[in-house]
Amino acid sequence: MMLPGIPFESLGILLAGLLTLAVLSFVAGDNPVYRLVEHVFVGVTAGYAAVVAYHHVLVPKVVQPAMTASAENVLPLVPLLLGGLLVGHLSRRTSWLASIPLAVVIGVGAALALAGALAGTLVPQVIATAVPLGEDALGMPGGGANLVFALGRWTLVVGVVATLMSFSTGLGAAGSGTGAAGSGTGGSVGSGIGHGAALAIRQVGRGVLLTALGAVFASIAVSRFALLAGRVAFLTDEWLRTLGTMLAFG
Amino acid sequence: MLIAVTLPFVVPFSLPPASASASSRAFYEAVERVPASSPVLVSIDWEAGQLGEMEPLTRGVVRRLLARDLRVLAMSLAPQGPALAQRLLDEEGARLGRRYGDHYLNLGFIPGNEPALVSFATAIRTAAPQDYRFSQSSGSYAALAGVERAADVALIVVIAADDAAPTRWVQQIGTRLPVPLVVAVSAGAGPLIAPYARGDRPQIKGTLIGLAGANEYASLTGDSATTLWTRLLAQSTGQAILVAAIVLGNVVWLGGHLWRRLRPREGAADENRWETA
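These protein sequence lines map, in sequence, to chains A and B.
Just so you know, the working numbering puts 238 at position 238 of the first sequence, and the rest follows in order with no gaps.
Heads up, the working numbering is the position in the second sequence plus 1000, with the first residue counted as 1.
Extracted from the complex, chain A is given alone in its bound form:
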């Protein structure tokens, strides 16, 4: 479809560029234009999600199957019934009805998430951390030996153990340690050594945690630069070209 001489696509590109510039105006400080565009984005996102939910979820997965339900096959009505019970939230007297579909959703979701986290993350990661640290540590999976590879294995195991211990509240606290149970001079000395060792391990664990957080922060910064580069690429190429074409039309 065209406006007089200008395709809608070009208008869309022009509008996208102006909205991008409005968002970038936040660099100069909070301003009404930025606020307006922020509200537009939130509104459009919510509106789009509602349209997708209606046309691509509710109609094909709830309404249309419910139409095919019969006395022999009432299963397609179950999602409609559970969804309908959520309306019970509108009144305090019927709000208990909404607990039924919520219980189903949360129960099934939590069970699957927990089982998945155990089978897909915890167990495989524990197995991956259980690596040889003796003479076998040098042996690489594909064959050959490498000192750097062995150091990597040691770093992995020490880092994981120290990080886990850094979350342990009892370790390193006053009075804890290997000699804490003893009494007299020997017990105090033992307690001091155990306390010092536990503190040192916790410090190593915190160091590992901070390093990991630093890596995540740096990666997120890289990601944001990529987004900014994408917008700048759009403005300097597609938007300026379209603007030039439209000005030529004008």
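Because the hints were derived from the structure by calculation, they are not lab data.
Some chain A residues close to chain B (C-beta under 7 Å, calculated; not the full set):
1. His-56
2. Val-57
3. Gly-120
4. Ala-128
5. Ala-215
6. Ile-220
7. Val-222
8. Arg-231
9. Ala-233
We put the CB at the ideal spot given by N, CA and C, even for glycine.
Here the structure of chain A is known, so what remains is to put chain B in place on it, guided by the hints.
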């Protein structure tokens, strides 16, 4: 910072070409191993806000899958994902002469996270009864011929802006099915999915991380990636400025700290005189 990122788009720079990392090469090899005409499931789990970083990644992967004559079955766990996927698939499909419904299909938005993924894995046509573009029965398309469950596809490709979607795929599908899983994510999610892609038996067979990953993949597939290269330069310039700012800030702080400790305290002589008195 804005000026630094804009600079490579205005002033032409050049950098030596980067060699592909082991994880990008593993991703490439996993795709190349799939026999021609096999169905490949592509989950496009990102939204419009991440377009700048995720679009080049997705475009490179989709282009290669279509160029290899694989049947691309797109889906998304994000509401905006199907629309973004459709645009890319149509553009690349038109470029390579591939037809919607025969060579590629958009199964749309699959809501519900974990339960939805399990349902999708066991019965694709029930979880996605209609396609996104024409709202027709998904089973009526040739692209879905012979595919009833996720186990019937030759490869699963997850393209996501954060680690949540790849983690769900690993936990819910990777533990149930023997189908190889490869992941393309933003740079921000890279360290968070790395544990799944490392070790003797990685759960993720290959990864592409951010613009750098997209650039490496383009060089592996022999794609011309001039625009991508400029974006990567802009990203690198921004990174360099950030590093310089952090280093400079720390030097200034350290210098100030040392200056305060080393300089003689004002009024210290007067205090001593009063104490003696």
